[in-house]
Amino acid sequence: MPPPATSLKAVPDIRATVSAEEWQIRVDLAAAYRLVAHYGWDDLIFTHISARVPGPQEHFLINPYGWMFHEITASSLVKVDLEGNIVSPTDNIINPAGFTIHSAVHAARHDVGCVLHLHTGDGIAVSAMAEGLLPLSQTAMVALSNLSYHEFEGIALNLDERERLVADLGMNNLMILRNHGTLACGKTVAQAFLNIHVLERACQAQVRALAGGRPMHTPPAHVQEVVKAQVRGMKIDVSGLAWAGLLRLLDAKDPGYRL
104 MPPPATSLKA VPDIRATVSA EEWQIRVDLA AAYRLVAHYG WDDLIFTHIS ARVPGPQEHF
164 LINPYGWMFH EITASSLVKV DLEGNIVSPT DNIINPAGFT IHSAVHAARH DVGCVLHLHT
224 GDGIAVSAMA EGLLPLSQTA MVALSNLSYH EFEGIALNLD ERERLVADLG MNNLMILRNH
284 GTLACGKTVA QAFLNIHVLE RACQAQVRAL AGGRPMHTPP AHVQEVVKAQ VRGMKIDVSG
344 LAWAGLLRLL DAKDPGYRL
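Its first residue numbered 104, the sequence shown is counted upward by one per residue in the numbering used here.
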């Protein structure tokens with residue numbers, strides 16, 4: 104007989120112990136985890152999404168190591184500082200590799216409220232292509248207006264890599280981690296999720312187009328520059344509109360992320 108499955112470690116009811124602002128960020132972050140699972144972008148218990156906690160302490164929230172993304176709740180998220188110390192009541196642990204990448208961005212980019220990192224098949228495939236992301240679709244050209252690359256240095260356990268990672272990211276909000284996956288940032292969870300959606304769709308379109316084995320049509324350089332200027336000149340943030348719809352989708356499916 105196989106051994107029984109290990110149960111999740113219980114989490115305390117923390118809603119009454121945190122600010123209303125932090126609780127809302129917890130709900131949004133838990134929703135992002137559930138949505139990644141919904142779209143099939145998760146990688147078992149690996150990869151991470153983090154969100155900055157308001158206040159001067161430089162704390163951020165990240166997933167408890169060992170929980171599947173469809174299991175994440177607002178209360179289960181673990182609060183840590185920039186040194187990786189857990190600062191919220193919990194019996195759970197965090198993944199050191201996830202801490203390295205996310206703490207690097209949160210420490211360097213105070214305009215970033217959320218960091219989202221994935222290991223999807225399409226994202227990894229494009230990260231391994233010498234050309235990287237190609238301007239083969241409108242979505243790709245949108246992503247390319249805000250995209251950086253970071254070379255693979257091994258599993259992200261070396262804290263020294265943080266300096267190089269944030270230098271490569273610069274002020275962009277999208278990054279392809281070579282031979283590894285994709286990363287997106289945003290001022291809010293909603294912005295970060297919309298950004299990763301754009302990048303993942305671009306990678307998916309590229310992989311499918313190249314798999315067709317037919318000659319590719321690439322828009323001329325001046326058209327690519329038009330798209331870049333349009334994206335950078337956009338004054339309207341539509342992430343909130345998309346996010347409201349995504350929360351409706353989750354609430355209809357399973358509102359348990361709000362616990």
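These are calculated hints, taken from the structure and not from any lab test. These figures come from a predicted structure and were not determined experimentally. Note that CB positions come from ideal geometry on N, CA and C, so glycine has one too. Honestly, I wouldn't trust all of these hints.
[What the hints assert, rightly or not] Simulated crosslink set (DSSO-like; lysine-lysine; CA at most 27 Å straight-line):
#1 Lys331 x Lys290
#2 Lys356 x Lys112
#3 Lys338 x Lys290
[Claimed, not checked] Using C-beta positions, here's what the derived DEER-type ranges look like:
#4 Met319 x Glu266: 17 to 25 Å
#5 Ala119 x Ala324: 53 to 61 Å
#6 Leu147 x Lys331: 19 to 27 Å
#7 Phe255 x Leu147: 30 to 38 Å
#8 Lys290 x Phe149: 36 to 44 Å
#9 Pro115 x Leu185: 30 to 38 Å
#10 His325 x Lys356: 40 to 48 Å
#11 Gly348 x Ser122: 42 to 50 Å
#12 His325 x Pro199: 30 to 38 Å
#13 Gly315 x Lys290: 20 to 28 Å
#14 Pro323 x Gly273: 23 to 31 Å
#15 His325 x Leu352: 16 to 24 Å
#16 Ala210 x Asp116: 29 to 37 Å
#17 Phe255 x Lys356: 44 to 52 Å
The hints, checked one at a time:
1. Lys331 x Lys290: holds (20 Å)
2. Lys356 x Lys112: Given that 27 Å is the threshold and the Cα spacing comes to 24 Å, the pair holds.
3. Lys338 x Lys290: holds (15 Å)
4. Met319 x Glu266: 17 to 25 Å: violated (37 Å)
5. Ala119 x Ala324: 53 to 61 Å: holds (57 Å)
6. Leu147 x Lys331: 19 to 27 Å: Given a distance of about 36 Å, which is not inside 19 to 27 Å, the answer is violated.
7. Phe255 x Leu147: 30 to 38 Å: Violated: the Cβ-Cβ distance is about 20 Å, outside 30 to 38 Å.
8. Lys290 x Phe149: 36 to 44 Å: violated (26 Å)
9. Pro115 x Leu185: 30 to 38 Å: The hint (30 to 38 Å, Cβ to Cβ) is violated, given that Pro115 and Leu185 are roughly 24 Å apart.
10. His325 x Lys356: 40 to 48 Å: With a Cβ separation near 44 Å, His325 and Lys356 satisfy 40 to 48 Å, so the hint holds.
11. Gly348 x Ser122: 42 to 50 Å: violated (27 Å)
12. His325 x Pro199: 30 to 38 Å: violated (46 Å)
13. Gly315 x Lys290: 20 to 28 Å: violated (37 Å)
14. Pro323 x Gly273: 23 to 31 Å: At 26 Å between Cβs, range holds.
15. His325 x Leu352: 16 to 24 Å: violated (38 Å)
16. Ala210 x Asp116: 29 to 37 Å: Holds - the Cβ-Cβ distance for Ala210 and Asp116, about 30 Å, lies within 29 to 37 Å.
17. Phe255 x Lys356: 44 to 52 Å: Given a distance of about 35 Å, which is not inside 44 to 52 Å, the answer is violated.
Hints 4, 6, 7, 8, 9, 11, 12, 13, 15 and 17 from the list above are not met by this structure, while the remaining hints are.
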